[in-house]
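> If you want the building blocks of each chain, they are given just below.
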Amino acid sequence: MSYRRDTILWIAQRASAAVLALCVAVHLATIIYAVQNGLTAAEILGRTRGNAAWFAFYSLFVLAVTVHAPIGLRAVLAEWLGWRGRSRDLCLLVFSAMLAWLGMRGVQGVFL
Amino acid sequence: MKVFVKRGDSYQEFEVPRQPSQTVLDVVTYIQRHLDPTLAYRYACRVGMCGSCAMMVNDVPRWTCRTHVDKVAKGDRITIGPLRNLPVIRDLVTDMREFFDKWARAKGEFHGAQTKKDDFAKVPPQSPERVLVDKGIECIGCGVCYAACDVVKWNPDYLGPAALNRAWTLVKDARDNQTLARLRAVSGDAGCHACHSHVSCTERCPKHLSPTAAIAGLKREVAKAVLQGDL
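One line per chain: the protein sequences are A and B, in this order. Take the numbering used here: the final residue in the first sequence is number 199, and no numbers are missing along the way. Take the numbering used here: the final residue in the second sequence is number 242, and no numbers are missing along the way.
Accuracy of the hints is not assured; some may be wrong.
[Claimed, not checked] One side of the interface only, derived from the structure: several residues of chain B facing chain A at Cβ under 8 Å:
no., residue
1, 199
2, 231
3, 234
Since the hints were derived computationally from the structure, they do not count as laboratory data. None of the values given here were measured: they were computed from a predicted structure. Beta carbons are placed, not taken as given, at the ideal position from N, Cα and C, and that holds for glycine.
Please put together the full structure from these sequences, using the hints given.
Here it is, written out as structure tokens:
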């Protein structure tokens, strides 16, 4: 039933792209706003740590990346390297888990 | 003018006189009739109706009968080759079987539920569905979009813009009753989901159709069917 799996992956990629469009815009706007008054890293961490709303926002950001990037890479591997099938999908699952781990590690460092 | 014609793995150079209103097909015909009768190429109508004379002209797929030399010659040079993404039979002639087999794989034939005993189906020409169909039905199967498509190059199983465009016109045809089977046929790695919306097919289509829009429509219809549990 590759048509069903591929369709669900396509929907997941489009949905995660929509989330990312919002997250990237908010992320960039926040960076530009935050550095304007010459904040130090320590001052930024002072404001972000313990903030549940930003923790939730960046956790969503990381989740969207872990969904979006491996699906895109799946097509790149098929088209450029001719790599299809189970081995590719298992490798991409590992890649996705790595993105989640690294991303959440960053989020924990800044917001917890 | 210097004309470089792809023959096998190399290009052969010919000197062809420029004429007013000369088409690329005129150039190829001149070469075969006056310079090298062994040159193989394909054409029929010469007026943009049959879709058999498409070739790569300066690496762009075009109908040679409707392409004026004045518009495409770079200086006094022109390069002509067989359509990309298709096996070459000889010189400028490609084997179109795979291209048309994919129309069949995309369930490109009409399946109606009515018999000759039924009255004519009434399809209002201005109905939204019929308007979408009308935008896609003028395809004459020339293969230009197929040669322009990078996804076909990367994924030889990909059905391609023309077959998917055909499927879309049937999905939106109120008289056809094979929609779900067709949506299954056009989904997945070799179907509409492989399209990256590069828009090369739409850019090059000599009939100014938009297979890109048709493929996007198929993606939406398939998504809807999967989410509703029909597929």
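> None of the hints should be skipped; say for each whether it holds.
Structure-based check of each hint:
1. 199: Since chain A brings a Cβ to about 4 Å from residue 199/B, closer than 8 Å, the hint holds.
2. 231: 10 Å, violated
3. 234: Check passed: Cβ of residue 234/B comes within 5 Å of chain A, closer than 8 Å.
Violation of the numbered hints given earlier is confined to hint 2; every other hint is satisfied by the structure.
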